[in-house]
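> Add chain L to chain Z, keeping to what the hints say.
In the order they appear, the protein sequences are chains Z and L. Taking the numbering used here, the leading residue of the first sequence gets 1, the next gets one more, and so forth. Taking the numbering used here, the leading residue of the second sequence gets 1, the next gets one more, and so forth.
Check each hint, because a few of them may be wrong.
If several chains are the same, the list does not tell them apart, and a pair holds so long as it fits within one copy or across any two.
[Claimed, not checked] Distance condition first, Cα-Cα at most 25 angstroms in a straight line; then the derived DSS-like pairs of lysine-lysine:
1. K403 / K370
2. K403 / K129
3. K403 / K164
4. K193 / K307
5. K129 / K338
6. K369 / K288
Hint data in this document are derived by calculation from the structure and do not stem from the laboratory.
Protein chains: 2
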Amino acid sequence: MKFSYISHLYCPKCSEKYERDKVQQLCKCGAPLLVKYDLHSLAAQWKPDDLAGRRNDLWRYHELLPVADESNIVSMGEGMTPLIEMLSISTNIGINHLYMKDEGIIPTGTFKARGAAVGVSKAKELGVKEFAMPTNGNAGAAWALYAARSGISSTIVMPEDAPKITRNECAISGANLYLVNGLISDAGKIVGKAVEEYNLYDVSTLKEPYRIEGKKTMGLEIAEQFDWEVPDVILYPTGGGVGLIGIYKALRELQELGWINKEKMPRLAAVQSEGCAPIVKAWQEGKKESAFWDNSETLAFGINVPKALGDFLVLQAIYETAGCAVSVSDQALLEEQKLISQQEGLFICPEGAAAFHAARKLRNEGWIKKEEKVVVLNTGAGIKYPNTVSVDVPILEPNESIKPVTIM
Amino acid sequence: MKFSYISHLYCPKCSEKYERDKVQQLCKCGAPLLVKYDLHSLAAQWKPDDLAGRRNDLWRYHELLPVADESNIVSMGEGMTPLIEMLSISTNIGINHLYMKDEGIIPTGTFKARGAAVGVSKAKELGVKEFAMPTNGNAGAAWALYAARSGISSTIVMPEDAPKITRNECAISGANLYLVNGLISDAGKIVGKAVEEYNLYDVSTLKEPYRIEGKKTMGLEIAEQFDWEVPDVILYPTGGGVGLIGIYKALRELQELGWINKEKMPRLAAVQSEGCAPIVKAWQEGKKESAFWDNSETLAFGINVPKALGDFLVLQAIYETAGCAVSVSDQALLEEQKLISQQEGLFICPEGAAAFHAARKLRNEGWIKKEEKVVVLNTGAGIKYPNTVSVDVPILEPNESIKPVTIM
Numbered sequence: 001m002k003f004s005y006i007s008h009l010y011c012p013k014c015s016e017k018y019e020r021d022k023v024q025q026l027c028k029c030g031a032p033l034l035v036k037y038d039l040h041s042l043a044a045q046w047k048p049d050d051l052a053g054r055r056n057d058l059w060r061y062h063e064l065l066p067v068a069d070e071s072n073i074v075s076m077g078e079g080m081t082p083l084i085e086m087l088s089i090s091t092n093i094g095i096n097h098l099y100m101k102d103e104g105i106i107p108t109g110t111f112k113a114r115g116a117a118v119g120v121s122k123a124k125e126l127g128v129k130e131f132a133m134p135t136n137g138n139a140g141a142a143w144a145l146y147a148a149r150s151g152i153s154s155t156i157v158m159p160e161d162a163p164k165i166t167r168n169e170c171a172i173s174g175a176n177l178y179l180v181n182g183l184i185s186d187a188g189k190i191v192g193k194a195v196e197e198y199n200l201y202d203v204s205t206l207k208e209p210y211r212i213e214g215k216k217t218m219g220l221e222i223a224e225q226f227d228w229e230v231p232d233v234i235l236y237p238t239g240g241g242v243g244l245i246g247i248y249k250a251l252r253e254l255q256e257l258g259w260i261n262k263e264k265m266p267r268l269a270a271v272q273s274e275g276c277a278p279i280v281k282a283w284q285e286g287k288k289e290s291a292f293w294d295n296s297e298t299l300a301f302g303i304n305v306p307k308a309l310g311d312f313l314v315l316q317a318i319y320e321t322a323g324c325a326v327s328v329s330d331q332a333l334l335e336e337q338k339l340i341s342q343q344e345g346l347f348i349c350p351e352g353a354a355a356f357h358a359a360r361k362l363r364n365e366g367w368i369k370k371e372e373k374v375v376v377l378n379t380g381a382g383i384k385y386p387n388t389v390s391v392d393v394p395i396l397e398p399n400e401s402i403k404p405v406t407i408m
Numbered sequence: 001m002k003f004s005y006i007s008h009l010y011c012p013k014c015s016e017k018y019e020r021d022k023v024q025q026l027c028k029c030g031a032p033l034l035v036k037y038d039l040h041s042l043a044a045q046w047k048p049d050d051l052a053g054r055r056n057d058l059w060r061y062h063e064l065l066p067v068a069d070e071s072n073i074v075s076m077g078e079g080m081t082p083l084i085e086m087l088s089i090s091t092n093i094g095i096n097h098l099y100m101k102d103e104g105i106i107p108t109g110t111f112k113a114r115g116a117a118v119g120v121s122k123a124k125e126l127g128v129k130e131f132a133m134p135t136n137g138n139a140g141a142a143w144a145l146y147a148a149r150s151g152i153s154s155t156i157v158m159p160e161d162a163p164k165i166t167r168n169e170c171a172i173s174g175a176n177l178y179l180v181n182g183l184i185s186d187a188g189k190i191v192g193k194a195v196e197e198y199n200l201y202d203v204s205t206l207k208e209p210y211r212i213e214g215k216k217t218m219g220l221e222i223a224e225q226f227d228w229e230v231p232d233v234i235l236y237p238t239g240g241g242v243g244l245i246g247i248y249k250a251l252r253e254l255q256e257l258g259w260i261n262k263e264k265m266p267r268l269a270a271v272q273s274e275g276c277a278p279i280v281k282a283w284q285e286g287k288k289e290s291a292f293w294d295n296s297e298t299l300a301f302g303i304n305v306p307k308a309l310g311d312f313l314v315l316q317a318i319y320e321t322a323g324c325a326v327s328v329s330d331q332a333l334l335e336e337q338k339l340i341s342q343q344e345g346l347f348i349c350p351e352g353a354a355a356f357h358a359a360r361k362l363r364n365e366g367w368i369k370k371e372e373k374v375v376v377l378n379t380g381a382g383i384k385y386p387n388t389v390s391v392d393v394p395i396l397e398p399n400e401s402i403k404p405v406t407i408m
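Chain Z with its partners taken away, still in its complex shape:
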């Protein structure tokens, strides 16, 4: 058995092939590259039972990941996040079997750790010494910290308005950090100029082919956690969309391996904010690509992406799974976030709350049926966004008294 069954890279748009052992960025045609595995050989040698007793993180699926030599793995124990049954919100929404995959329980507190772990490990394997990236915060934090662990230098540019804690994470990692008085698209232009001028490795979303492989493991884990019986619907908060593309890729690969039913795919739902919903608009219009969303604005910072490089892949995943795209208001997601904390004890991130509210909308519209098995991805811990919670609390002097809840 080989450690990885990576075969080569290919362009999903023009089908051009690329070598796996060299640093690659975008295809000549401008589209992102995807990783192809030798699934035929792998299917003959690898069975679900082989996972028993393996390490309890995303590297348990190393045959389906791009790192060829185990010694190149840069890990902090990321993956195999809990799949939590929603006991109370399920009734409240009217979905009998509602689950949350909690991507807050992972190094750096968001699912971005998956992309960074696999992306940085592969960069190390390819001999990369330095990279640069623009970020809305959480991806930059994850890549900066994994880079520090690997010994690779990182240059990170983020909007001044990005969540403050992510700034701290980059700073303490020793990253070469810059803020920009602008949006992630402005950060992207600054990084683009530096990449061109200094011939740097560009790890912007989908400009390197491996972070998607890390995010793919969310799909692998969901399948394993349901004992290879996939759910009916998966809802995913969608900015750059790499998580959704990755989950779709994972499920297709598992079908090819014969580990899950070839006839059943979960319907994938892309969730966006009303203030930034290019995928929703494109889906409603039946288009294959999205248009740039002007003046985007949402407090769910992670899904404030006006035009994603992988938009055509997101839309393809939606169309091919009979999925949908849906947007929610900031007000609605804040209320959902509060309700979930109070009823389930789970302090989730605004993006995750958006996905729960989307589940509620889709249930109300009948798109989700009561008896269906539904998984919502919470992409990060609520503690990374303290400002979304309003706190109005009495301040006592030491000699004062309080009353319990039942007396009040």
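Quick look at chain L alone, frame taken from chain Z:
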């Protein structure tokens, strides 16, 4: 097989026994109560191999936990946190086999989730409808959120200076939250008055006997993660000390079960801050209890506990394992926190950083040998304490340029 082998409660000071099926607080003599299991019966029926394929959280050890009926478990997937090998800091400190158990990768972002999960589950089993507690922040956040999940009402009182994020967690959970212009001891007095007046369940540290059982699972996991060969030294940041007492209790129980060598206990090291080191002082003086530490102050808020109710149990654990107690300065722990982020990519909490610095001191003094196997507990995620990181970053306009690290 029973789900739990809980037998009864007992007082470690006066040996008085208490029933397991009633709400219990402190012993009549004022000491905290501990849980006793029927280890003799359990040893005959339960083997390490039985853990294979069990759920990957702390409930995998349910036989050694106090919840008798599985349906009372209140869980968000807590436990089985990663044990991470320190690849670079190990060389820097001069310890060949240095590991970190990362308690940041857990619901609510600190090890307090373990105590809350087991404490709240047992409270639910006992029919508790409401509880109250004082907190330095993280414990209150964890108990408030698990209470919300269980349907139990919570009243939480914390110092105004406690980490702000924990305030948000309590608020969004719907807890009855108060701040106090004072220390945790002032919060404790306010809670004490309410408990007495309204006959509330008091879940202050060690005033209920079950949170220690949750924290005990750190010891069980360390033993399992090392395949039942315990390490030579475990360092623990020590405020209330429940984690250290719990780890010690776990290891003794595993010895009684015959799962680990009866002749070898890890040496337990209690780590405190120079600004609040009552256990260190007591240990240096060979005493069995600590004295109240006046005017305590440290930025490692979680270990700012001037006098712990369980101090005699902490000291006993140290003496009986040939352990030690050591204090570190705030300046030293901040430097250690930064170094660990830059070299290992791990953004740990100030308390965890204190424990790493203690490992460095003890290695320099020769108390830890180069070839020993050493585990440091990082009790929480660095992202819960953003203010410990100083950030000094350039802010660019969109048309500006940057240089990569290798050119600078």
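> Hint by hint, say whether it matches the structure.
Okay, the hints, checked on the actual structure:
Taking identical chains as interchangeable, the C-alpha atoms of K403 and K370 are never at most 25 angstroms apart, the minima being 41 angstroms within one chain and 55 angstroms between chains. For the homomeric pair K403 and K129, the shortest alpha-carbon distance between copies (15 angstroms) is at most 25 angstroms, but the shortest distance inside one copy (59 angstroms) is not. In this homomeric assembly, K403 and K164 come within 25 angstroms of each other (Cα to Cα) only across copies, at 23 angstroms, whereas the closest approach inside a single copy is 36 angstroms. Within a single copy, K193 and K307 get their C-alpha atoms as close as 19 angstroms, which meets the 25 angstroms cut-off; across copies the closest is 58 angstroms, which misses it.
Proximity of K129 and K338 under a CA criterion of 25 angstroms is satisfied inter-copy only: 21 angstroms between copies versus 43 angstroms inside one chain copy. For the identical chains of this complex, K369 and K288 are neighbours neither inside a copy (27 angstroms) nor across copies (63 angstroms), given an alpha-carbon limit of 25 angstroms.
Violated hints, in rising order: 1, 6; the structure is consistent with all others.
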